[in-house]
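**Student:** Given next are the chains, with one letter for each unit.
There are 2 protein chains.
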Amino acid sequence: MANVAAKERKILVAVDEGEESMHALSWCLKNVISQNYKDTLVLLYVKPPRAVYTAIDGTGGYLFSSDILAAMDKYSNDVAECVVEKATKMCKDIHDVKVERRIDHGDPRDVICEMTQNLGADVLVMGSHGYGPIKRAFLGSVSNHCVQNVKCPVLIVKKPKSTATNN
Amino acid sequence: MANVAAKERKILVAVDEGEESMHALSWCLKNVISQNYKDTLVLLYVKPPRAVYTAIDGTGGYLFSSDILAAMDKYSNDVAECVVEKATKMCKDIHDVKVERRIDHGDPRDVICEMTQNLGADVLVMGSHGYGPIKRAFLGSVSNHCVQNVKCPVLIVKKPKSTATNN
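Protein sequences, first through last, are from chains A and B. Sequential numbering of the first sequence, starting at 1, is according to the UniProt record's numbering. Sequential numbering of the second sequence, starting at 1, is according to the UniProt record's numbering.
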């Protein structure tokens with residue numbers, strides 16, 4: 001009487017404040033999520049390390065008072081919540097899929113690779129840029145690093161130019 | 001009375017003589033091909049340019065007679081047919097999916113990117129290595145190049161170590 005249980009898959013999607021990662025999530029929902037599987041979508045947002053801000057400051061952070069750093073941390077937390085909430089809503093709109101939310105902090109290259117490994121993800125989905133030009137200058141290409149270091153399949157989704165709002 | 005037509009997708013899979021690309025194809029068949037779409041799978045094998053052999057020769061090819069070059073070309077064609085035939089059989093075994101076979105020659109980096117663009121592929125699937133260590137030394141990383149230059153989503157599938165026969 002029992003049906004053959006559908007295979008479970010864990011799909012890790014790295015999201016950030018850029019439109020490209022939301023496009024990657026959308027593409028994944030349409031093209032990878034399948035009724036043939038029990039899919040769990042793990043939405044991962046990685047808060048950049050405080051070093052990114054202090055590097056932009058250019059002095060190792062000495063110019064910033066603790067108040068300003070606390071305000072930056074709060075801002076960073078708010079952005080994280082907002083991005084993950086937006087991503088969660090996209091999942092609810094399109095598919096009835098189990099969604100887990102993860103917010104972590106650190107170098108996104110390391111955090112994404114470690115999380116992919118620790119969760120035993122079946123596939124990692126991400127945009128090609130991941131971070132804006134300023135953060136990327138400090139952090140390097142996140143997607144390149146993940147393709148090199150992650151053991152499971154990696155799906156890199158670029159934002160099509162036709163729907164881009166800028167370059 | 002008419003059903004809503006399923007969206008057609010064109011999925012380009014770059015195959016070569018390595019086990020990794022066959023694993024990438026297998027993963028794609030299980031995880032990307034979907035009954036919700038009308039999927040056409042384009043199997044692309046790129047014969048390396050003759051320059052690869054002559055570069056291995058190390059003298060620009062002067063050591064090789066035309067007979068040897070003709071034999072190499074025949075070998076190259078045989079390998080191409082064999083790989084594409086093996087890949088086609090995998091598709092028949094697993095899914096009832098429309099399969100197109102393409103054999104081209106040139107620098108695989110350029111050929112794969114151009115074919116992806118010209119076909120208007122919805123996604124490009126490939127292994128992470130693509131070519132063995134000798135060819136890679138001459139051709140560079142094919143997958144890295146494609147991730148950088150292809151506009152559609154790129155799925156990079158690595159061969160799991162547990163089923164690897166060597167390092």
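Hints in this document: simulated from the structure, not taken from any laboratory. None of the values given here were measured: they were computed from a predicted structure. Idealized CB from N, CA, C, for every residue including glycine. Be aware that one or more of the hints could be misleading.
[As the list claims (entries may be wrong)] If you only want the chain A side, here are some residues facing chain B, beta carbon under 10 Å, derived:
hint: 1; residue: 71
hint: 2; residue: 74
hint: 3; residue: 88
hint: 4; residue: 117
hint: 5; residue: 118
hint: 6; residue: 148
hint: 7; residue: 155
hint: 8; residue: 160
[As the list claims (entries may be wrong)] For each label pair, taking beta carbons as the anchor points, the in silico distance ranges come out as:
hint: 9; chain 1: A; residue 1: 77; chain 2: B; residue 2: 77; range: 27 to 37 Å
hint: 10; chain 1: B; residue 1: 85; chain 2: A; residue 2: 160; range: 47 to 57 Å
hint: 11; chain 1: B; residue 1: 71; chain 2: A; residue 2: 19; range: 46 to 56 Å
hint: 12; chain 1: A; residue 1: 110; chain 2: B; residue 2: 160; range: 15 to 25 Å
hint: 13; chain 1: A; residue 1: 101; chain 2: B; residue 2: 69; range: 16 to 26 Å
hint: 14; chain 1: A; residue 1: 93; chain 2: B; residue 2: 69; range: 19 to 29 Å
hint: 15; chain 1: A; residue 1: 114; chain 2: B; residue 2: 151; range: 22 to 32 Å
hint: 16; chain 1: B; residue 1: 114; chain 2: A; residue 2: 35; range: 28 to 38 Å
hint: 17; chain 1: B; residue 1: 106; chain 2: A; residue 2: 100; range: 28 to 38 Å
**Student:** Does each hint fit the structure? Answer for all of them.
**Tutor:** Going down the list of hints, with the structure as the test:
1. 71: violated, 37 Å
2. 74: This hint is violated: residue 74/A lies away from chain B, its Cβ roughly 35 Å from the closest one there, beyond 10 Å.
3. 88: For residue 88/A, the interface hint is violated, since the closest Cβ of chain B sits about 22 Å away, which is over 10 Å.
4. 117: At about 13 Å, which exceeds the 10 Å cut-off, the nearest Cβ of chain B leaves the hint on residue 117/A violated.
5. 118: With a closest approach of 17 Å, the residue 118/A hint is violated.
6. 148: holds, 8 Å
7. 155: Because about 5 Å separates residue 155/A from the closest Cβ in chain B, which is inside the 10 Å limit, the hint holds.
8. 160: This hint holds: residue 160/A lies near chain B, its Cβ roughly 7 Å from the closest one there, short of 10 Å.
9. 77/A <-> 77/B: 27 to 37 Å: Given about 60 Å between the Cβ atoms, the range is violated.
10. 85/B <-> 160/A: 47 to 57 Å: For residue 85/B and residue 160/A the Cβ distance comes to about 35 Å; the hint is violated.
11. 71/B <-> 19/A: 46 to 56 Å: Since residue 71/B and residue 19/A have Cβ atoms about 53 Å apart, the given range 46 to 56 Å holds.
12. 110/A <-> 160/B: 15 to 25 Å: About 22 Å separates the Cβ atoms of residue 110/A and residue 160/B, which means 15 to 25 Å holds.
13. 101/A <-> 69/B: 16 to 26 Å: violated, 59 Å
14. 93/A <-> 69/B: 19 to 29 Å: The hinted range 19 to 29 Å is violated for residue 93/A and residue 69/B, with Cβ atoms some 59 Å apart.
15. 114/A <-> 151/B: 22 to 32 Å: Given a distance of about 30 Å, which is inside 22 to 32 Å, the answer is holds.
16. 114/B <-> 35/A: 28 to 38 Å: holds, 35 Å
17. 106/B <-> 100/A: 28 to 38 Å: This hint is violated: roughly 44 Å between Cβ atoms.
Of the numbered hints given earlier, the model fails hints 1, 2, 3, 4, 5, 9, 10, 13, 14 and 17; all others are met.
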